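Which chain is which? The protein sequence lines are X and R, in order.
In this text, residue positions in the first sequence follow my numbering: the first is 1, and each later residue adds one.
In this text, residue positions in the second sequence follow my numbering: the first is 274, and each later residue adds one.
Since the hints were derived computationally from the structure, they do not count as laboratory data.
Only a predicted model underlies this, so the values are computations on that prediction, with no experimental measurement involved.
All the given hints hold, so there is nothing to weed out.
Under the rule of at most 27 Å between Cα atoms (straight-line distance), these lysine-lysine pairs were calculated in the DSS-like manner: (1) R:K482 with X:K88; (2) X:K86 with R:K465; (3) R:K465 with X:K88; (4) R:K481 with X:K86; (5) X:K77 with R:K481; (6) X:K77 with R:K465.
Pair by pair, the computed Cβ-Cβ distance ranges are: (7) X:V226 with R:V280: 26 to 34 Å; (8) X:K77 with R:T393: 39 to 47 Å; (9) R:R367 with X:A91: 42 to 50 Å; (10) R:K482 with X:A55: 40 to 48 Å; (11) R:E492 with X:D238: 42 to 50 Å; (12) X:S82 with R:K287: 24 to 32 Å; (13) R:F308 with X:K27: 50 to 58 Å; (14) X:G61 with R:F532: 30 to 38 Å; (15) R:G533 with X:K27: 42 to 50 Å.
All C-beta atoms in this analysis are idealised placements derived from N, C-alpha and C, irrespective of residue type, glycine included.
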Amino acid sequence: MAWFERKKEKAAIPQTKELWVTCPRCKKYFAKGDWTGICPECGYHGRMKARARIALLADEGSFTELFREVSYSDHLKFHDASGAYKDKVEATIAKTGETESVVVGTATMGGVPVMLGVMDFAFMGGSLGTGTGERICRAAEQAIAERRPLVICSASGGARMHEGILSLMQMAKTSAAIGRLKDAGLPYISVLTDPTTGGVSASYAMLGDINITEPGALIGFAGRRVIENTIHQKLPDDFQTAEYLLAHGFIDKIVPRKELKAFIVKMLHYFGF
Amino acid sequence: MKRKEKVTAYDRVKLARDAKRPHIFDFIKALCSDFEELHGDRLVNDDQGLIGGFATIDGVKALVLGHHKGATVEENMAANFGMANPDGYRKAMRLAKLAEKFHLPVVTFVDTPGAYPGDTAEARGQAEAIAKSLEFFAALKTPVVVVVTGEGGSGGALAIAVGDRILMLENAVYSVISPEGCAGILWRDGAKAPEAAAALKITADDLKKLGVIDAIIPERNLMAGLKKAILAALKELSVLPVEELLAQRYAKFTAMGRFG
Numbered sequence: 001m002a003w004f005e006r007k008k009e010k011a012a013i014p015q016t017k018e019l020w021v022t023c024p025r026c027k028k029y030f031a032k033g034d035w036t037g038i039c040p041e042c043g044y045h046g047r048m049k050a051r052a053r054i055a056l057l058a059d060e061g062s063f064t065e066l067f068r069e070v071s072y073s074d075h076l077k078f079h080d081a082s083g084a085y086k087d088k089v090e091a092t093i094a095k096t097g098e099t100e101s102v103v104v105g106t107a108t109m110g111g112v113p114v115m116l117g118v119m120d121f122a123f124m125g126g127s128l129g130t131g132t133g134e135r136i137c138r139a140a141e142q143a144i145a146e147r148r149p150l151v152i153c154s155a156s157g158g159a160r161m162h163e164g165i166l167s168l169m170q171m172a173k174t175s176a177a178i179g180r181l182k183d184a185g186l187p188y189i190s191v192l193t194d195p196t197t198g199g200v201s202a203s204y205a206m207l208g209d210i211n212i213t214e215p216g217a218l219i220g221f222a223g224r225r226v227i228e229n230t231i232h233q234k235l236p237d238d239f240q241t242a243e244y245l246l247a248h249g250f251i252d253k254i255v256p257r258k259e260l261k262a263f264i265v266k267m268l269h270y271f272g273f
Numbered sequence: 274m275k276r277k278e279k280v281t282a283y284d285r286v287k288l289a290r291d292a293k294r295p296h297i298f299d300f301i302k303a304l305c306s307d308f309e310e311l312h313g314d315r316l317v318n319d320d321q322g323l324i325g326g327f328a329t330i331d332g333v334k335a336l337v338l339g340h341h342k343g344a345t346v347e348e349n350m351a352a353n354f355g356m357a358n359p360d361g362y363r364k365a366m367r368l369a370k371l372a373e374k375f376h377l378p379v380v381t382f383v384d385t386p387g388a389y390p391g392d393t394a395e396a397r398g399q400a401e402a403i404a405k406s407l408e409f410f411a412a413l414k415t416p417v418v419v420v421v422t423g424e425g426g427s428g429g430a431l432a433i434a435v436g437d438r439i440l441m442l443e444n445a446v447y448s449v450i451s452p453e454g455c456a457g458i459l460w461r462d463g464a465k466a467p468e469a470a471a472a473l474k475i476t477a478d479d480l481k482k483l484g485v486i487d488a489i490i491p492e493r494n495l496m497a498g499l500k501k502a503i504l505a506a507l508k509e510l511s512v513l514p515v516e517e518l519l520a521q522r523y524a525k526f527t528a529m530g531r532f533g
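Could you build all of it, start to finish, from the sequences and the hints given here?
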């Protein structure tokens, strides 16, 4: 068996790329038609485009996008080895159709009016840029003004280094705005989806009155390799998974995708909305 | 002035990291007539990488918090080279809450390569501890003066750097990521750190232009100048009603990265 599987991995897989999907977590292969974004083997919930997740969570036709005019800023005229930030981010805009790494807007969920923000990992790795922070800050402020609960689904590698120190400051800005929303007696539900790390996990993603996640999601502060290099040890496979976070007390519940909306609505009902 | 202009961003990184640069206890010794260190987060630990206690600066009572890198190898190891664990940020919040209760201002000294990237730190919630600190200091009902003295390393620095006045030493740096880390990712070569340092705009001059800091403290006659600046900031802030103080702090941070 072992020799047979090894051979298959080496020879067959590259030729059938269009027909097969690999689960990023358990590395098992599935026929493309059978892959729904959720691994039938290990339960890992694959990444979703922001628009798809909005369709999943918002009542049909209820989402009205806000602050789309707020976008990235190239105030540093940032260049690296592979070229200009401006070119990269413009290419991302052209490719994804989004103008920032988070899409925010008003919606209803199970009939409850909410402010909804969903990050898109396909947009510069979901990085927290000045535009991202500004959209989240404005969303929180408008939610306070309209007495709406706030729901943010995070997916991010962290702060956007191309925007330098001001991207770091978005961690403080978003946390300050969300603190005000919570102080105003409004609930904030944070959905940490795969992956939520770095400056986003270390700011608004971890500040939920309720923090929930999906099975198998990667959630953490520092990257696995950085930690392994620091402690000179290999980390266990389940390190920084949703299940690890739950066991360590940082997540209220792991909620499968098909139950996500119902769970959020249920919490909002408990909170009197 | 001409000589000063030749100092590159990466030169400043090296200066900011210099082991001979004053550390938290040097600042405390030079600025405070009294200091009483208080320990522990009341949960699991007493982090040596982030210390705090009550201090008197020219007769003004305050809470001092700061990253601690250590002056000897033993201290370096115990303090984790100033890379705080979640316990350190939770201790800082505990002490700052106490300062708020007794109407004492807070002065923080920022000097860290970053929050500790370790397995134990992750297990105890490094991300949560930093996130909570940001939310906490944004709403703390007492004046907060921040001094970036050496390395302002990303989230681990920011966690004690949300305040009403942000001062920065002439040769300190403050960045979203270390130049080496940035070079490793965007240049795929850690040796390009000097290029990354220049591109990231991390010097005091850069940050002043970007509106992230309020004042640059010259390093000639450092302690005298710094003491004067801290006292002046505390005096200005002490007359503000709490609502006004918090409104100004909120406006300060929410204006950052807001364009057009």
